[in-house]
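Going line by line, the protein sequences match chains R and C. By the count of the working numbering, the first sequence reaches residue 932 at its end, each step adding exactly one. By the count of the working numbering, the second sequence reaches residue 159 at its end, each step adding exactly one.
For the record, the hints were derived by calculation from the structure and aren't laboratory data. Among the hints, a few may not be true.
Claimed, not checked - Pair by pair, the computed Cβ-Cβ distance ranges are: (1) R:V59 - C:H89: 34 to 40 Å; (2) R:R103 - C:G90: 48 to 54 Å; (3) C:F92 - R:P109: 52 to 58 Å; (4) R:R103 - C:F92: 43 to 49 Å; (5) C:A150 - R:Q96: 21 to 27 Å; (6) R:M70 - C:A150: 35 to 41 Å; (7) R:M70 - C:G90: 54 to 60 Å; (8) C:G90 - R:V55: 54 to 60 Å; (9) C:G90 - R:L512: 39 to 45 Å.
Stated by the list, open to error - Result set (BS3-like, lysine-lysine): computed pairs, CA atoms no more than 25 Å apart in a straight line: (10) C:K147 - R:K134; (11) C:K124 - R:K79; (12) C:K95 - C:K124; (13) R:K79 - C:K147; (14) C:K124 - C:K147; (15) C:K113 - R:K79.
Just so it is clear, CB atoms sit at the ideal spot from N, CA and C, and this is done for glycine as well.
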Amino acid sequence: MAILAQVRSLMRNLFLQQHVESALHDEVRGLVEMLTDEKVAAGVAFEQARREALMEVGGETQVKQAVRDGRAGIGLETVWQDVRYGWRMLMRSPAFTAVAVLSLGLGIGANTAIFTVAKKVLYDTLPVKEPDALRMLTWVSGHEQVVPPVWGDVGGTESGGLRSNSFSYPVLEALRKQTDAFEELIAFKDVEITATVDGVAAIEAVELVSGNAFSALGVEPQAGRVLQASDDLGSGKGPVAVISDGYWMRRFGRSHEAVGKVIALNGVPVTIVGVSARRFAGLQMGGTTQIFVPVTMQPQLVPSAQGGTTSLLGNPQSWWLGILTRMRPEVSDTRAEAELDTAMRQTAIPVLDPTKDLSGFHLKLEPGARGLDYLHGTYAEPSYVLMALAGLVLVLACVNLANLLLARAAARQREISTRFALGAGRTRILRQVLTESLLLAALGGALGLAIGYAARGVLPGLLARDENATLLQVAFDWRVMAFTGAVALGTGLLFGLAPAWQAMLSESSGTLKDGTSATGDKRRKQGVWVGKGLVIVQIALSAILLVGAGLFVQTLQNLGHAELGFRQDHLLLFRVNPPRTVQVDGQRLAMYRQLEEKLSAIPGVKSMTMTDIALIGDGNSGATFHVTGRPREKDARRIQTNGVSREFFQTMGISILRGRGFEMQDTATSPKVAVINQTLARKYFPNEDPVGKTFDTDPEDFAMPLTIIGVAADTKHADLRSETPPTFYAFYEQRSEPGRMMVALRTEQDPVTVLSAARAVVAEVDHDLPLTDVRTMQDQVKLTTTNERIFAQLTSGFGGLALVLASIGIYGIMAYTVARRTGEIGIRMALGARAGQVLGMVLREVSWMALAGVVVGVGAAVGLGRLVSSMLYGLKPSDPLTLTGIGALLIVIALLAGLGPARRAARIDPMQALRHE
Amino acid sequence: MGRSETAKQTNLLQGTLDLLVLKALMLGELHGLGISRRIEQMTHGTFQVKPGSLFPALHRMEEAGWLKAVWGESENNRKAKYYKLTKAGERQLGTETEEWVKIAAAMASALRAV
Numbered sequence: 016m017a018i019l020a021q022v023r024s025l026m027r028n029l030f031l032q033q034h035v036e037s038a039l040h041d042e043v044r045g046l047v048e049m050l051t052d053e054k055v056a057a058g059v060a061f062e063q064a065r066r067e068a069l070m071e072v073g074g075e076t077q078v079k080q081a082v083r084d085g086r087a088g089i090g091l092e093t094v095w096q097d098v099r100y101g102w103r104m105l106m107r108s109p110a111f112t113a114v115a116v117l118s119l120g121l122g123i124g125a126n127t128a129i130f131t132v133a134k135k136v137l138y139d140t141l142p143v144k145e146p147d148a149l150r151m152l153t154w155v156s157g158h159e160q161v162v163p164p165v166w167g168d169v170g171g172t173e174s175g176g177l178r179s180n181s182f183s184y185p186v187l188e189a190l191r192k193q194t195d196a197f198e199e200l201i202a203f204k205d206v207e208i209t210a211t212v213d214g215v216a217a218i219e220a221v222e223l224v225s226g227n228a229f230s231a232l233g234v235e236p237q238a239g240r241v242l243q244a245s246d247d248l249g250s251g252k253g254p255v256a257v258i259s260d261g262y263w264m265r266r267f268g269r270s271h272e273a274v275g276k277v278i279a280l281n282g283v284p285v286t287i288v289g290v291s292a293r294r295f296a297g298l299q300m301g302g303t304t305q306i307f308v309p310v311t312m313q314p315q316l317v318p319s320a321q322g323g324t325t326s327l328l329g330n331p332q333s334w335w336l337g338i339l340t341r342m343r344p345e346v347s348d349t350r351a352e353a354e355l356d357t358a359m360r361q362t363a364i365p366v367l368d369p370t371k372d373l374s375g376f377h378l379k380l381e382p383g384a385r386g387l388d389y390l391h392g393t394y395a396e397p398s399y400v401l402m403a404l405a406g407l408v409l410v411l412a413c414v415n416l417a418n419l420l421l422a423r424a425a426a427r428q429r430e431i432s433t434r435f436a437l438g439a440g441r442t443r444i445l446r447q448v449l450t451e452s453l454l455l456a457a458l459g460g461a462l463g464l465a466i467g468y469a470a471r472g473v474l475p476g477l478l479a480r481d482e483n484a485t486l487l488q489v490a491f492d493w494r495v496m497a498f499t500g501a502v503a504l505g506t507g508l509l510f511g512l513a514p515a516w517q518a519m520l521s522e523s524s525g526t527l528k529d530g531t532s533a534t535g536d537k538r539r540k541q542g543v544w545v546g547k548g549l550v551i552v553q554i555a556l557s558a559i560l561l562v563g564a565g566l567f568v569q570t571l572q573n574l575g576h577a578e579l580g581f582r583q584d585h586l587l588l589f590r591v592n593p594p595r596t597v598q599v600d601g602q603r604l605a606m607y608r609q610l611e612e613k614l615s616a617i618p619g620v621k622s623m624t625m626t627d628i629a630l631i632g633d634g635n636s637g638a639t640f641h642v643t644g645r646p647r648e649k650d651a652r653r654i655q656t657n658g659v660s661r662e663f664f665q666t667m668g669i670s671i672l673r674g675r676g677f678e679m680q681d682t683a684t685s686p687k688v689a690v691i692n693q694t695l696a697r698k699y700f701p702n703e704d705p706v707g708k709t710f711d712t713d714p715e716d717f718a719m720p721l722t723i724i725g726v727a728a729d730t731k732h733a734d735l736r737s738e739t740p741p742t743f744y745a746f747y748e749q750r751s752e753p754g755r756m757m758v759a760l761r762t763e764q765d766p767v768t769v770l771s772a773a774r775a776v777v778a779e780v781d782h783d784l785p786l787t788d789v790r791t792m793q794d795q796v797k798l799t800t801t802n803e804r805i806f807a808q809l810t811s812g813f814g815g816l817a818l819v820l821a822s823i824g825i826y827g828i829m830a831y832t833v834a835r836r837t838g839e840i841g842i843r844m845a846l847g848a849r850a851g852q853v854l855g856m857v858l859r860e861v862s863w864m865a866l867a868g869v870v871v872g873v874g875a876a877v878g879l880g881r882l883v884s885s886m887l888y889g890l891k892p893s894d895p896l897t898l899t900g901i902g903a904l905l906i907v908i909a910l911l912a913g914l915g916p917a918r919r920a921a922r923i924d925p926m927q928a929l930r931h932e
Numbered sequence: 046m047g048r049s050e051t052a053k054q055t056n057l058l059q060g061t062l063d064l065l066v067l068k069a070l071m072l073g074e075l076h077g078l079g080i081s082r083r084i085e086q087m088t089h090g091t092f093q094v095k096p097g098s099l100f101p102a103l104h105r106m107e108e109a110g111w112l113k114a115v116w117g118e119s120e121n122n123r124k125a126k127y128y129k130l131t132k133a134g135e136r137q138l139g140t141e142t143e144e145w146v147k148i149a150a151a152m153a154s155a156l157r158a159v
């Protein structure tokens with residue numbers, strides 16, 4: 016086989032090099048000797064014969080080289096030679112190599128770490144079979160919520176309407192009949208359930224799923240079996256559970272005895288039948304489901320999920336289920352969407368409120384490869400910004416390296432010219448220079464990979480808002496490796512181009528002469544121009560990063576000083592979450608009253624309040640609002656509401672501007688009352704006194720109208736940035752049965768000091784009552800600015816790094832320029848230039864470079880700033896103070912970096928410089 | 046510039062040289078000098094192959110598996126490397142001869158055309 020023969024010779028050439036070489040030597044030597052013998056035999060004298068033979072052959076060495084050049088694997092061999100040579104060159108200047116590898120490593124490491132997270136946030140899909148064939152069902156409507164109680168998130172559409180992924184069970188059953196529109200329909204709902212294993216209770220993330228879910232998703236069991244359709248036949252008929260890999264490890268140490276074990280979920284015994292596939296953690300992207308149970312177990316496991324009804328299975332008024340479909344390959348999305356929409360409307364419309372606008376109520380198919388995806392919405396923007404910032408730093412590191420290599424290439428011109436003179440080919444030199452760059456890149460890439468691996472948990476840790484952080488599991492897989500490899504290769508080519516080009520200029524440029532002549536030739540001047548251009552780019556990039564840092568730091572400061580409308584100090588927050596099974600009329604209210612009384616009595620607690628949602632960072636709670644006597648607006652926008660206890664306004668330090676707050680006269684049975692905020696008063700009662708007016712709201716909370724008794728000052732609501740929304744506060748005792756509540760204690764000392772007493776009180780009231788989300792109000796407020804804090808920290812770090820790199824660049828290029836112009840400066844000084852003039856000359860050069868860089872960079876920063884303007888607070892991306900400040904800072908730093916070379920120039924001794932010439 | 050022109054020339058000659066070497070070895074094994082002499086003789090002196098071209102070709106053809114080399118003694122007792130055709134080399138000689146005849150005929154007819 017010809018190919019085999021070639022491989023064999025390749026191996027021989029590479030590994031038996033000495034043997035092959037000596038054979039070649041023998042062969043060529045033999046040829047010369049044979050020729051000589053012939054000539055001697057013909058009567059020529061030996062010396063003469065040998066000379067003639069050599070001439071005829073054309074030189075032993077030349078023949079051997081010609082053979083070598085034609086050998087298999089010659090490319091590999093010279094590459095290896097280049098690598099060894101490059102390595103020697105790098106080792107000869109260890110300081111340069113260290114700086115280069117370190118700056119590259121930091122740049123690549125930052126990119127790797129950020130990509131690891133961004134991959135999860137932006138690109139990963141659910142670990143299931145053919146995720147791209149999945150669609151997430153969504154409904155949309157106008158401004159008005161047509162579907163009454165949604166248990167799940169209701170978000171806004173781009174056109175201002177509502178959208179949600181929650182459907183009712185009757186709708187699910189109707190959709191299931193449209194079997195020709197889809198292959199599989201998977202229903203799921205994420206809930207928190209108290210799971211008791213061997214007497215130890217803990218709140219766990221549980222996913223209710225339809226029986227077909229595992230087979231439809233192609234998720235296999237690791238042990239036992241997965242859930243199947245027969246587990247999901249009807250209410251309470253499948254008391255079985257499948258546990259996740261994480262739960263298996265955490266609670267059972269991967270023991271196979273877990274399968275078959277009976278555990279209690281909210282007090283209901285359930286048998287574990289299997290363990291799901293390792294990576295599968297539920298249908299929410301980044302979710303951490305621990306236990307899977309059949310969806311028809313809802314009435315038993317989560318009986319009081321929504322208000323009073325026990326079973327949601329037959330309730331057309333309860334919208335709570337997420338639905339994923341697996342599409343048939345032959346059915347178009349449009350057709351499936353139309354069929355499912357018709358089915359949903361047929362089932363839903365008859366049971367919905369006919370007074371509302373139902374024309375815009377439709378079913379939509381959305382991409383389902385990522386399941387229920389909150390990750391993207393929450394983290395996509397920060398991820399893009401962070402990737403861009405890290406990318407800029409890497410480009411900056413590349414430019415810096417290009418500049419350093421350029422200066423070095425200049426120093427190596429003599430070496431390269433020598434090699435040209437000795438007959439090296441253009442491509443060979445080019446390859447040599449590029450090999451060195453790629454070698455540096457590979458070293459930097461390796462370091463970057465190590466840094467990225469070490470830092471893989473840092474960013475998820477920073478982004479995490481609480482201990483149930485959904486981002487914690489980021490995989491460091493082959494795609495990350497591939498990304499890092501590609502980045503390293505790209506950077507190597509990027510910063511390798513400049514010195515390669517410079518090396519080409521060396522060819523036949525006569526640089527074998529002294530390299531610092533006063534009359535330096537045009538080509539080397541071009542090299543300096545490239546160097547200066549690179550410095551300008553560096554300063555510009557630094558300007559962009561520093562302006563970013565300035566903007567984000569100020570945003571964080573502005574948010575820190577934002578007027579909250581209440582006193583955030585000395586407040587301890589925690590949530591009490593009564594198990595859903597504790598459900599006897601009035602029992603829960605009694606429990607809350609008892610809590611209220613006992614918590615207020617703790618020494619060191621000035622007052623306490625309970626609210627549906629905490630003021631900052633706890634989300635929204637929408638409600639309808641209609642003033643009695645006014646015409647009913649079709650498709651009215653929703654406002655915010657919060658159910659609060661009596662002491663709310665005093666405890667939070669919110670002043671009542673008109674009327675009164677909730678007082679002792681307000682009880683569960685007294686007339687229903689509400690306090691509205693200033694924004695609501697301004698919006699709905701612009702020219703009249705709202706106190707005494709009545710309104711109605713969602714009937715499931717209040718069956719009768721509420722009377723406005725007061726107007727409270729505005730506060731920030733869900734976050735620090737948003738304008739205060741119109742809000743009304745209701746008295747929680749007057750509403751339908753309260754669910755979980757947020758407790759706030761106003762303390763005299765450090766809020767943490769009363770925590771243990773508070774825990775004891777809660778345990779005393781009900782020892783099964785879980786107490787979660789413990790934090791101070793100040794921490795809670797801080798948590799809402801997590802992104803801003805990360806940006807401020809990272810951009811400051813990146814900006815600092817940029818400054819250091821730019822300083823190195825300026826110093827390097829000026830030192831090189833001064834060295835190159837030593838002769839010229841010597842002449843100037845010999846002709847009478849004073850040291851101060853020389854100093855000024857060099858610094859002038861520095862300042863125009865800096866100025867050019869600042870102008871370009873600030874211009875670019877203003878342009879790019881528009882992309883992040885939504886992330887800023889209290890200032891515009893073109894904030895003049897930031898821009899001028901950064902510009903001035905950069906020019907000062909540039910002058911400082913240039914001072915060293917400038918002073919060296921000023922100290923040049925004309926005699927010495929000219930003698931040197 | 047000079048480099049690229051030489052490269053073009055060798056390329057042009059490469060096929061020819063390979064064919065001549067294969068043909069020279071058709072009758073039996075020969076060492077390098079022998080091959081060179083044999084080619085000169087076969088072409089009535091038109092082609093005088095210099096070792097600088099011949100040896101790279103021999104090594105290349107050996108790597109391609111067309112030739113096999115063995116060490117032996119020359120007529121005047123010098124150590125010499127003898128080359129002979131392998132089965133693959135014989136096949137190669139057949140196909141290259143066929144191709145060359147075709148090209149030669151085509152060239153001849155092209156040059157005859159008015």
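Hint check results:
Evaluation of the 34 to 40 Å hint for V59 of chain R and H89 of chain C yields a failure: the beta carbon distance comes to about 26 Å. The given range of 48 to 54 Å is respected by R103 of chain R and G90 of chain C, whose C-beta atoms sit roughly 50 Å from each other. The supplied range of 52 to 58 Å is met by F92 of chain C and P109 of chain R, whose beta-carbon atoms lie about 56 Å from each other. Checked against the given bound of 43 to 49 Å, the beta carbons of R103 of chain R and F92 of chain C, roughly 45 Å apart, stay inside it.
The supplied range of 21 to 27 Å is broken by A150 of chain C and Q96 of chain R, whose beta-carbon atoms lie about 46 Å from each other. A hinted range of 35 to 41 Å holds for the C-beta pair M70 of chain R and A150 of chain C, which are about 39 Å apart. M70 of chain R and G90 of chain C have their C-beta atoms about 19 Å apart, which leaves the hinted 54 to 60 Å range violated. Distance hint check for G90 of chain C and V55 of chain R: the Cβ-Cβ separation is about 24 Å, which falls outside the suggested range of 54 to 60 Å.
A hinted range of 39 to 45 Å is violated for the C-beta pair G90 of chain C and L512 of chain R, which are about 52 Å apart. A C-alpha spacing of about 60 Å is found between K147 of chain C and K134 of chain R, which places the hinted pair above 25 Å, so the restraint is violated. Using a Cα cut-off of 25 Å, the hinted pair K124 of chain C and K79 of chain R holds, with the two alpha carbons roughly 17 Å apart. For the given pair, K95 of chain C sits about 20 Å from K124 of chain C by alpha-carbon distance, which is consistent with the 25 Å threshold.
Only pairs whose Cα atoms come within 25 Å are accepted, and K79 of chain R paired with K147 of chain C is rejected, the gap being roughly 35 Å. In summary, the hint linking K124 of chain C to K147 of chain C is not supported, as the alpha carbons are separated by about 40 Å, beyond the 25 Å threshold. Pair hint K113 of chain C plus K79 of chain R holds up; C-alpha atoms about 19 Å apart against a cutoff of 25 Å.
Hint violations for this structure: numbers 1, 5, 7, 8, 9, 10, 13, 14, all remaining hints satisfied.
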